[in-house]
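Protein chains in written order, with our numbering: chain A, 1 to 111; chain B, 1001 to 1415; chain C, 2001 to 2579.
Hints were generated in silico from the structure; no laboratory data involved. Please note: incorrect hints may appear among the correct ones.
Computed footprint of chain B on chain A; a stretch qualifies when at least three of its residues, placed anywhere within it, have a C-beta under 8 Å from a C-beta of chain B [as the list claims (entries may be wrong)]: (1) 14-23; (2) 103-109.
Here are the computed lysine-lysine pairs in the DSS-like style, where the Cα-Cα straight-line distance is at most 30 Å [said to hold, decoys possible]: (3) A:LYS10 / B:LYS1125; (4) A:LYS22 / B:LYS1156; (5) A:LYS22 / B:LYS1369; (6) C:LYS2008 / C:LYS2018; (7) B:LYS1334 / B:LYS1379; (8) B:LYS1348 / A:LYS27; (9) B:LYS1073 / B:LYS1125; (10) B:LYS1156 / C:LYS2543; (11) B:LYS1240 / C:LYS2065; (12) C:LYS2060 / B:LYS1235; (13) B:LYS1270 / B:LYS1240; (14) A:LYS10 / B:LYS1188; (15) A:LYS10 / B:LYS1361; (16) C:LYS2018 / B:LYS1276; (17) B:LYS1240 / C:LYS2060; (18) C:LYS2067 / C:LYS2008; (19) C:LYS2067 / B:LYS1125; (20) C:LYS2204 / C:LYS2067; (21) B:LYS1107 / B:LYS1188; (22) C:LYS2311 / C:LYS2065.
Not close to chain B: a few residues of chain C, all C-beta gaps over 12 Å, as computed [claimed, not checked]: (23) LYS2060; (24) LYS2067; (25) ALA2075; (26) THR2151; (27) THR2172; (28) THR2271; (29) GLU2370; (30) LEU2376; (31) PHE2402; (32) ASP2448; (33) LYS2451; (34) ASP2489; (35) LYS2514.
These numbers were taken from a predicted model, which means no experiment stands behind them. Heads up, the beta-carbon is just placed ideally off N, CA and C, and yes, glycines get one too.
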Amino acid sequence: MELVCIVCPKGCRMTVENGVVKGNTCKKGEAFALAETTCPMRTVCSTVATVFDSMPVLPVRTDGEIPKAKIGELMKAVNAVTVTEKLRRGDVVLSSVAGTDVNLIATATIY
Amino acid sequence: MKEYDVIVIGGGPAGLAAAESAHNKGAHVAVLEREARLGGILKQCVHDGFGLIRFGEKLAGPEYAERYIDTVKSLDIDTYTLTFVTRMRRNGNVFDIDCVGRDGMSKFRAKAVVLATGCRERTAKQVLIQGTRPAGVFTAGTAQNYVNLMGKLPAKKCVILGSGDIGLIMARRLTLEGAEVEGVYEVKPEPSGLTRNIHQCLHDFDIPLHLSHTVTRVFGADRLTAVEVAQVDDKMKPVKGTERIIECDALILSVGLIPENELAESLGVKINPFTKGPDCDQTYMSSVEGVFSAGNALNVFDLVDYVSECAADAGAAAAERKSSGECVRIERGKGLLSFVPHRIDLAKPCDRVVFFFRSVKDMDKGTLKISVDGREMYKKKFAFLRPPEMQRVEIDFSAFGLKTDSAVSVELEEN
Amino acid sequence: MNLKAVAKRVHKILPSAKVEEYRGCVRLTGEADSWDVVYRCGVAAVDKGSLGVLNDIRLKGFCEKVKAPSLRDGAIDGATPDVLVIGGGIMGCAAARELSKLNVDVLLVEKANDVATGASSRNDGCIHVGIDLHKGQQKLHYVLRGNEYYTQLAEELGCDLKRWAQTFMFSTVWERRIIAPLMLLKGRLLGIPRMRFVTPEEMKKLEPTPPSWLTGAVYMATGGVVSPYKVTIALADNAVENGARISLNTMVEGMDVENGVIKAVRTNRGTVYPKIVVNAAGAFSDIIADMAGDRTFTIHPRKGTDLILDKKKAYYALSSFARSYFAPLPASAREDNNAAVGHTKGGGVMRTVDGNVLVGPNAIEQPYREDTTTNLEDILAIIKKQKVAAEELSTADIITYFSGVRAATYEEDFVVRRGIFTKNIIEAAGIQSPGITAAPAIACDIRDWVKDMLGATDKADFNPYRKHTPRLADADDETRARYIASNPDYGEIVCRCEEVSKGEIIDALESPLKVCTVDGIKRRVRPGMGRCQGGFCSPLVVKIIAEHEGIAPEQVLKGDEGSYILFGNTKNNGEGGVK
């Protein structure tokens, strides 16, 4: 399997054959390539609605990776949230999303 | 009249980094920002991938910006938001800056200025798209503002023209928000954005990428109802007979960024034809003594980490105001699309010059070569060179024995 | 009328055409395969002895779907205005304003969601001197008067008028020796003041980058430029300030005419019973005249495209100039430049009142009255043609372009008159180039005719001065500071390219003629007119409009109904998530 690394902007071209990764230039790349062949993982970024006029939507992201297949499930949960408190950057918006131990955190501070 | 050692114009990632480092060099610094909030375009870049180099973490845009904002606010740096520079002029050794803001007209004076004014997006008309003038034609950045700052959907089914990074990011973003992206069309035979974005934004969501295609017309008297796409030949001209009408309600354009240098030009700053930003030395000083340039106003970067790095260097140099001397120009040889800096000031340190460059085309392997008076003084190999992906390398120019009449040229040889 | 000669000319083009006399007009009927044939038949049918050409030759299979507001309410139903003005272009708005000087009840109807959406906003804003016109033409009569009137009008309305002059440039010695003196003589005969010959050396002082081939030029000092849509809007605003009513999204659908008198005018917003109707319907003015039973002319739509260049390129043109069309192209420009751009004066290069450079227009005959789409061939041809006069011109300088449709008649003249077959109509039809210059002067005649027809008196408290905020970016610091002190919104810059403040946008939203669309605001105070074309400011403008009007951003329109910009919230709409 041929793939392009998305861990960093370098975008290394890699191949995976029988669990052996070639073309990577770092350990993270190797781990990414192996995961990609079994269970691709992604960090998801989006926004959630708030009740504040100054910031009608608050940017959020998962604080870790979730299985790519669960992005749809995650987005349903993300779209259902309305933030009513003045959250700060890093605050947890949703914990343990989409049946994982990953949290959805605010990536900005509501002003 | 408010007086400062360094005034930074623009409170985005470049301006904030420049202000911080100028302050750390002991300068009394102010940041002038025309928007209501600091952070620049990062405020609306909710995707991650920022800060890997600077912080060793994958941050979302607002997180990256807020870290810098927190730092700047914790230091003795004055920030002025909703402050718009209307005029700038050189007054002997200082710069006079006129501003307008909600509290009236204000005047600033600075010993040095850092122009961190960012860039703007090329528009539909600038890529000569024809037809009607309906609602529903957006640049990717404008669409991003609507989605990520206002929480409003500008499209239900759209076509994206241009595979620049913002276009790719918006393809994913709109898909996640429930809109349909019919496809991304790119006039060039290769993608314009980072490879990783092609993968994680398009492939992950099965969004087709059509290379060597462009949008030629838009339809719809009020709201956009369709676009016409066509294949292009090797001169990027639409091929007759290949036109196809796609019904959609929006056209989103990611067809290039143009550094904003109208203020710089008003000061007589010379603009480099390849970067479209100020012609600069290794401290990012422009052709006008005391005027520095940083971030996307200098050169459109693809990584904010590099923006911060170059801006920090520019800010430090603006604080130090080392007197300049004779410069040696770096001539652009074959294989290079653009690079900074454009000249080496021999009176300033040049043992660790950060050299940013882009290749003119895709190269699996390439060698960067610098020659002085025809003699090769430096070479370094690179892999996977692509025009959209800027390369960074530190070069010790002091080892080359540069003299005022040295002929320095740099080229990129494909191996 | 020499109908035989007309028929001979027409039959050469379309043998099957029926040529007849109808109420003093030449009427053509039949069917043709191409618009070019229809158009040429119309031109061939022009006869000095007739009232005009009624070209009813149909283009086979042609049908234009004309934009019509879907709104149906009774907003103006039963109204009995003294004067109903049809059309909110510069002609209609100028007429409404002049009429508001009288003690009469004026109602203006416009089918679009704003005034100045047709040809009045789609032209170069040139205040013409009239050198290309001829004695006996209504165009000449009104251009001379209009040109003079503009100084006062601009002052009263608070609109910029720059007398940056017009220049006609020669590329050969024989043009300089023969054409230049003839032009100066013609100018004297027509009554055009302040024309003179300038040498290339003098030209250099007037234009920084004159073309290399220049042998001399005729300089016409009274030439000027305005923002055509701002003038139109200002006329409308001042008319409203003085009691006129303007009903937008209102389209005339029919008329009841009895014994040569219009009794009622039916619109989508109700039936109106005016004493007098003013036909200022532009590209549709022959249709309106026909409804009223007073048609003596035919509009053949002529599209023109103009390009707007970045203000950075302002040095290309300090005035308005064009190359003389008598001599062949200068050798330096001849190569590969035979593209026909059109048959009118051929356009030129000029500086707009806002400091951009405008290039164009061309002229393309088309059957469509409303097709304002642009085409790449036109853009490239215009650049190629005007590059002769402005040698540095390049497509890279273009920030935008637009097309407009001129309401040309086959006689190539205005139709300004009282009704011939209908007693209570005033025709102000076929108003195209130089309509911006002429319309205010035509409006004066309309006012006098109405005064005469109704025995109306002058309004004692007419206020000619439009209340307006000066453009703060151009104001001195003191004025600007005073405005900001009175309202901090004047210090908040929304459009960075054109330096437009939030306060100015809110003022525009509170204009006498209330229009709260993004395009309406853009035409009034220019956010989005600059080099980023609204990339940065359009979300802010949408927000300001929404907040000011108390509506959701997705209810804000770009222009006419249906031109919504947003589709509602990304969140909580039940549609989120990956498909």
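*asked:* If you test the structure against every hint from before, which numbers come out violated?
replied: Violated: hints 1, 3, 4, 8, 9, 12, 13, 16, 18, 20, 21, 22, 24, 29, 30, 31 and 34.
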